[in-house]
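There are 2 protein chains.
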Amino acid sequence: MLVVVALGGNALLQRGQAMTAEMQRMNIRTACAALAPVAEEHQLVISHGNGPQVGLLALKEQAYSDVDAYPLDILDAQTEGMIGYMVEQELGNVLPEDRPFASLLTMIEVDPADPAFADPTKFVGPVYDKEQADVLAGEKAWVFKQDGDKWRRVVASPAPKRIFEIEPVKWLVEMNTVVVCAGGGGIPTAFAADGSGALEGVEAVIDKDWASELLARDLGADVYVMATDTDGVYLDWGTPSQRLIDRATPAELAQHAFPAGSMGPKVDAACHFVLKTGKRAAIGGLKDILEIVAGTAGTQVVA
Amino acid sequence: MLVVVALGGNALLQRGQAMTAEMQRMNIRTACAALAPVAEEHQLVISHGNGPQVGLLALKEQAYSDVDAYPLDILDAQTEGMIGYMVEQELGNVLPEDRPFASLLTMIEVDPADPAFADPTKFVGPVYDKEQADVLAGEKAWVFKQDGDKWRRVVASPAPKRIFEIEPVKWLVEMNTVVVCAGGGGIPTAFAADGSGALEGVEAVIDKDWASELLARDLGADVYVMATDTDGVYLDWGTPSQRLIDRATPAELAQHAFPAGSMGPKVDAACHFVLKTGKRAAIGGLKDILEIVAGTAGTQVVA
Numbered sequence: 029m030l031v032v033v034a035l036g037g038n039a040l041l042q043r044g045q046a047m048t049a050e051m052q053r054m055n056i057r058t059a060c061a062a063l064a065p066v067a068e069e070h071q072l073v074i075s076h077g078n079g080p081q082v083g084l085l086a087l088k089e090q091a092y093s094d095v096d097a098y099p100l101d102i103l104d105a106q107t108e109g110m111i112g113y114m115v116e117q118e119l120g121n122v123l124p125e126d127r128p129f130a131s132l133l134t135m136i137e138v139d140p141a142d143p144a145f146a147d148p149t150k151f152v153g154p155v156y157d158k159e160q161a162d163v164l165a166g167e168k169a170w171v172f173k174q175d176g177d178k179w180r181r182v183v184a185s186p187a188p189k190r191i192f193e194i195e196p197v198k199w200l201v202e203m204n205t206v207v208v209c210a211g212g213g214g215i216p217t218a219f220a221a222d223g224s225g226a227l228e229g230v231e232a233v234i235d236k237d238w239a240s241e242l243l244a245r246d247l248g249a250d251v252y253v254m255a256t257d258t259d260g261v262y263l264d265w266g267t268p269s270q271r272l273i274d275r276a277t278p279a280e281l282a283q284h285a286f287p288a289g290s291m292g293p294k295v296d297a298a299c300h301f302v303l304k305t306g307k308r309a310a311i312g313g314l315k316d317i318l319e320i321v322a323g324t325a326g327t328q329v330v331a
Numbered sequence: 029m030l031v032v033v034a035l036g037g038n039a040l041l042q043r044g045q046a047m048t049a050e051m052q053r054m055n056i057r058t059a060c061a062a063l064a065p066v067a068e069e070h071q072l073v074i075s076h077g078n079g080p081q082v083g084l085l086a087l088k089e090q091a092y093s094d095v096d097a098y099p100l101d102i103l104d105a106q107t108e109g110m111i112g113y114m115v116e117q118e119l120g121n122v123l124p125e126d127r128p129f130a131s132l133l134t135m136i137e138v139d140p141a142d143p144a145f146a147d148p149t150k151f152v153g154p155v156y157d158k159e160q161a162d163v164l165a166g167e168k169a170w171v172f173k174q175d176g177d178k179w180r181r182v183v184a185s186p187a188p189k190r191i192f193e194i195e196p197v198k199w200l201v202e203m204n205t206v207v208v209c210a211g212g213g214g215i216p217t218a219f220a221a222d223g224s225g226a227l228e229g230v231e232a233v234i235d236k237d238w239a240s241e242l243l244a245r246d247l248g249a250d251v252y253v254m255a256t257d258t259d260g261v262y263l264d265w266g267t268p269s270q271r272l273i274d275r276a277t278p279a280e281l282a283q284h285a286f287p288a289g290s291m292g293p294k295v296d297a298a299c300h301f302v303l304k305t306g307k308r309a310a311i312g313g314l315k316d317i318l319e320i321v322a323g324t325a326g327t328q329v330v331a
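Protein chains in written order, with this note's numbering: chain R, 29 to 331; chain S, 29 to 331.
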């Protein structure tokens, strides 16, 4: 089977953990130990989040004032380099020596007319006082929203339209290469509004689960897994009657509402994948990844 | 023909230029405009330097003190992401739409017993006062050397032994993909001294021209070009009698000494490639790249 696994941000850096290189590497080592048996049985493509990492880079940009802060698309590219490197190195350490692996930078096209650009919602980077935020809003044309008693930059989260490097990813998968790509939801890009036809970077954040869904569809994956830090999707989560959904169709899942801040986008992406392809999607804990891929753990979304 | 081009640091960011994202992108756009006709006639693999970029990241790491500075191998990986992204985006903008391109992260093995580790020579990152340098030397086991009236970290520049992602690069080239890889001389890695067999990052700098020479050899390139900001290799450079070497064998070049800080490593890498493969290497200006590849400009090193 061809398996696409999207690693949640928590697999790389858990909330409250020190954001050191060592901590990230330790988490990635754990993730790769879980993924290795999947790679031994299947063709495997891995994507990953980059929320905490790109936030940290934005803080470092802010701390160094001799050069203008680099834009978000470039910071995204930096995180694809950093995380892709650590994943492929740790994975290489647990795979058989003759198994090829590669990390590809991934640009994903978004539509400048996407309605998401009219209402930016994703917080990125440092918090500011109102006065600082107003100055930056004027200087850089950034949009700010209140976050607690501080202000923070928000960017749009447009839908992914096209993965530019999809053919190279396909070719490498055909050669049984374990590929790391579409990190952080890919680097958002769009064709310039000036009519030149030039592709350029966009300061936005593509949802990782949706970018990976597009990746899984384009690759013809047999199963698309979103690996997170819970066992799967629950009904009545956080109440005494909470219970795991072990298997459901998109139609069944459509009868429930899942929080936009946690399972909502994952459930939507899973249902979209299943409806478009007739194949299987799954959501569950990274520790159970082999069983999730086999269809015996997590929440299985089926046609 | 299969052509490997190593882009010099100056092609990305010239000495004295502001280190902004815009400036880098402008330079990369110029470089890609020069490279596009080469890609239209040949299979093309591009590597690049990262000296100024990794130095800037080290400054940003130093400026942000809430989290321990990330090690050099991770910063190298970040620059492969950032520069690879800009190169592939700008190149994509000038290539025919159906020409595939990809940027691969590249880990390169070095030998922990390489004599270079006994005498680190490559300056990296910020300058410090003697007192600060002594503290850091104790805390982080960094080695410092004097740089003018300040102190600066030095790391080793070991020889590249093996490119871990070489097979994926080969497969992509066979599919006529323009590949960007081995950026910054690759991410230095070595097998752990603890006998575990684990590959881990090494805080070192592999010379880009030597890393690219290994890349060109492993790929079976027909010509290996080092693109820089001068027309080629000169005899008596900087004197009234200076003259360009337009064509020479390794034996002829061995009769001259070239400065270690500029043409020395390029000439050595060119000669090594020619002696090992019987193929052609060349050194010259990026603006003349098409003629250099054709064998009619720059310094051509031939068997």
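Think of the hints as simulated: they come from the structure by calculation, not from any bench.
Heads up, a few of these hints could be off.
Which copy is meant is left open, so a pair is good if it fits within one copy or across any two.
[Said to hold, decoys possible] No more than 25 Å apart at the CA atoms, straight line, and that leaves these computed lysine to any residue pairs for SDA-like:
1. Lys178 x Ala91
2. Lys304 x Ala279
3. Lys307 x Phe219
4. Lys189 x Gln283
5. Lys158 x Ala91
6. Lys168 x Ala49
7. Lys307 x Pro154
8. Lys168 x Glu280
9. Lys158 x Lys198
In ascending order, which of the hints set out earlier in this document are inconsistent with the structure?
-> Of the numbered hints, 3, 4, 7, 8, 9 do not hold.
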